[in-house]
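Protein chains: 2
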Amino acid sequence: MDERCERVAAATREVGADTAVLSAFDSVCYATGYVIDLESGPSAFAAGPPIALAAGPDLALVLSNAEEGPAPRARRAFTYEGFSAEREPPRDALYVDSVLEAAADLGIGGVVAVEPTTLPLAVAEALRSRVERFVDIRPALARQRAIKTAEEIELLRDCARLAGAGQGAALQQCAAGITELAAFAGIRAAIEREAGERVQLVSDLLSGAGRTGEAMGAPTNRVIGYGDAVICDLVPRHHGYWGDSCNSFAIGDEPPAFAGLYATATRAMDLVREILRPGLTAAAVDAEVRSVTLDAGYELPLHLGHGIGCANFEFPLIVPEERATLQPNMVLMLEPGAYAPGTGGVRLEWMFQVTETGNEPLSDFPFTSLAA
Amino acid sequence: MDERCERVAAATREVGADTAVLSAFDSVCYATGYVIDLESGPSAFAAGPPIALAAGPDLALVLSNAEEGPAPRARRAFTYEGFSAEREPPRDALYVDSVLEAAADLGIGGVVAVEPTTLPLAVAEALRSRVERFVDIRPALARQRAIKTAEEIELLRDCARLAGAGQGAALQQCAAGITELAAFAGIRAAIEREAGERVQLVSDLLSGAGRTGEAMGAPTNRVIGYGDAVICDLVPRHHGYWGDSCNSFAIGDEPPAFAGLYATATRAMDLVREILRPGLTAAAVDAEVRSVTLDAGYELPLHLGHGIGCANFEFPLIVPEERATLQPNMVLMLEPGAYAPGTGGVRLEWMFQVTETGNEPLSDFPFTSLAA
Numbered sequence: 002m003d004e005r006c007e008r009v010a011a012a013t014r015e016v017g018a019d020t021a022v023l024s025a026f027d028s029v030c031y032a033t034g035y036v037i038d039l040e041s042g043p044s045a046f047a048a049g050p051p052i053a054l055a056a057g058p059d060l061a062l063v064l065s066n067a068e069e070g071p072a073p074r075a076r077r078a079f080t081y082e083g084f085s086a087e088r089e090p091p092r093d094a095l096y097v098d099s100v101l102e103a104a105a106d107l108g109i110g111g112v113v114a115v116e117p118t119t120l121p122l123a124v125a126e127a128l129r130s131r132v133e134r135f136v137d138i139r140p141a142l143a144r145q146r147a148i149k150t151a152e153e154i155e156l157l158r159d160c161a162r163l164a165g166a167g168q169g170a171a172l173q174q175c176a177a178g179i180t181e182l183a184a185f186a187g188i189r190a191a192i193e194r195e196a197g198e199r200v201q202l203v204s205d206l207l208s209g210a211g212r213t214g215e216a217m218g219a220p221t222n223r224v225i226g227y228g229d230a231v232i233c234d235l236v237p238r239h240h241g242y243w244g245d246s247c248n249s250f251a252i253g254d255e256p257p258a259f260a261g262l263y264a265t266a267t268r269a270m271d272l273v274r275e276i277l278r279p280g281l282t283a284a285a286v287d288a289e290v291r292s293v294t295l296d297a298g299y300e301l302p303l304h305l306g307h308g309i310g311c312a313n314f315e316f317p318l319i320v321p322e323e324r325a326t327l328q329p330n331m332v333l334m335l336e337p338g339a340y341a342p343g344t345g346g347v348r349l350e351w352m353f354q355v356t357e358t359g360n361e362p363l364s365d366f367p368f369t370s371l372a373a
Numbered sequence: 002m003d004e005r006c007e008r009v010a011a012a013t014r015e016v017g018a019d020t021a022v023l024s025a026f027d028s029v030c031y032a033t034g035y036v037i038d039l040e041s042g043p044s045a046f047a048a049g050p051p052i053a054l055a056a057g058p059d060l061a062l063v064l065s066n067a068e069e070g071p072a073p074r075a076r077r078a079f080t081y082e083g084f085s086a087e088r089e090p091p092r093d094a095l096y097v098d099s100v101l102e103a104a105a106d107l108g109i110g111g112v113v114a115v116e117p118t119t120l121p122l123a124v125a126e127a128l129r130s131r132v133e134r135f136v137d138i139r140p141a142l143a144r145q146r147a148i149k150t151a152e153e154i155e156l157l158r159d160c161a162r163l164a165g166a167g168q169g170a171a172l173q174q175c176a177a178g179i180t181e182l183a184a185f186a187g188i189r190a191a192i193e194r195e196a197g198e199r200v201q202l203v204s205d206l207l208s209g210a211g212r213t214g215e216a217m218g219a220p221t222n223r224v225i226g227y228g229d230a231v232i233c234d235l236v237p238r239h240h241g242y243w244g245d246s247c248n249s250f251a252i253g254d255e256p257p258a259f260a261g262l263y264a265t266a267t268r269a270m271d272l273v274r275e276i277l278r279p280g281l282t283a284a285a286v287d288a289e290v291r292s293v294t295l296d297a298g299y300e301l302p303l304h305l306g307h308g309i310g311c312a313n314f315e316f317p318l319i320v321p322e323e324r325a326t327l328q329p330n331m332v333l334m335l336e337p338g339a340y341a342p343g344t345g346g347v348r349l350e351w352m353f354q355v356t357e358t359g360n361e362p363l364s365d366f367p368f369t370s371l372a373a
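Chains as they are written, first to last, in this note's numbering: chain A, 2 to 373; chain B, 2 to 373.
Keep in mind that the hints are not guaranteed to be accurate.
[Stated by the list, open to error] These stretches of chain B come out as covered by chain A in the derived footprint (C-beta under 8 Å, 3 or more residues):
#1 78 to 90
#2 117 to 125
#3 195 to 204
#4 318 to 329
[To be verified] Cβ pair distances, simulated, as ranges:
#5 B:Ala86 x A:Pro257: 21 to 29 Å
#6 B:Glu215 x A:Thr356: 41 to 49 Å
#7 A:Asp98 x B:Asp296: 31 to 39 Å
No wet-lab data here; the hints were simulated from the structure.
Backbone N, C-alpha and C define an ideal beta-carbon position, used for all residues, glycine too.
The shape of chain A in the complex, shown without the other chains (with noise of 0.2 Å):
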């Protein structure tokens, strides 16, 4: 059985459930290897989300025929009419019908565990009469998908790759002159030449003082000016799998706050690589690395990290509060940086595995305080 199965029928038995029904996008991926587009939004032809059924190592997606793709974890699809080109298909039965159908195959039943916040109530009520009550598996779910496959440190990597392919490009294209658009725009090329794909790419991409002092947005038909600061944050999907990224650089000439913006972010994230290892509590790192910017007197308006998978944002957050310990094989993001509003703003982003003893970057993009 796949681990992550396992970490699935897991999660399953922890919260007092027998077997699963997921309904959010990125825990159907993570159970069944099938990647929902997200790009367009839901799917005019579907009736709703695509539905993952499980039953220990037993697996099954329900899906639209306008939605078909590899579902490598799946033991079989249940693949209902939802488009067609003759007229407009009864879809919401059969894709209720279907979702029971996979319930009986695979004896789904007694209390099952669900994600109450994407399950449709379509769906509930259908189940109803097999299920004696539903019980949130998201909670123990989380948890479980925190520490990661070696497959899976396999994609986060290849992810992290196609960020700093990104990055490389930034360095190239954003220039004085060059509105962010189309800056982004030729990252976002160097990114798909990379995969020799379409990717889905999320983005901020902010230049000038007060830009980047917000720390995010997307980018704008601004154009970037010669002595502006740049945050280039980019997040590529990936078979999946995100990656996330993030370097900050000046265009030709520093301007008179970026050096010490810089400087603070370099000493945060060295101090990254240098602490971050098992059994510190995430509130741990983020205490420690945050009061290297707020030391200086900037300030840090964003988490400082954050776990990543088939979700851009997982357990653990690195933030104040949060009393999660790292373990080995959890991949984090982590992106100290030194803000100051008005004045501009530094983010620097790299992807890690916790390992036995320490870290190990997954990230292999330099950072570099300077345009090509």
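Starting from the known structure of chain A, fit chain B onto it as the hints suggest.
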């Protein structure tokens, strides 16, 4: 009251309910004007989808602090803490509490119209004590939404204009020796330059005999060749509405099968412009136009058209078994084509407003059989 609010209220009454709770991204946008970001997938910092509550003219919106944005037709937004730099907030409880607060504020109760395939179980359970029963608003709301308001028609015209900017760029970007992905990057950049901001863009971009014969597919790293045919279907989303479009053209020189396919698709589109008018059924339009393709000995594996609005595919579909009658101020995509699997394919697609007496194209890009 905005006509869209009236139409939500009418659909609510039609299904025997007094109030409505909407959970699908497109319904929330239609009712409140709030544009949910789709490109990144569901927000990790939201407990569940934004929820719109409607009691006659009175609308409220529930969403997380990570999703704040204008909701011009909502009297009030109930915002809960989904993101915090300090801790993982108890966002599920806050989400449900906000829904209940909004429900109390609007007097949601009795028979409540909902969307059962997107309404999360957690929200349904929370509302249960206020609700006598849930009824499905979707078929009634789909029919109401099919008739566009004057403001919607202008929004859709603007989307058609952005799609047209992309089609213009496609004729420049698609060239021998360029990959489909690189051409797509240039097309997207042109649309975003025109819009002055990031634009969600869904697309088919297919080159060569084999690919165009398959009718649909994302751009790949296939290198476009001299004498290739290209199908370029661009679907931008702007201000919560979608613009669809398709052009087909040859690179440098028409491949052998192209002329016959293109002439057939052109004849079919000419017929659309001639016959599309209120009073016809969708099936009748389909039959007349489809026969142009079939009589020429080609295939048409897709629907002939569809409504468009806050969703890309809306009621009515223009398909053989759809008996709905076309009405003034429906906005429809018509996408006749001709396909010969293995040999090639051509698709032409424009947006049309059904008028009192006929139709008016909202698309204005020219169909052009040769790239620049």
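Which numbered hints fail: Violated hints: none; all satisfied.
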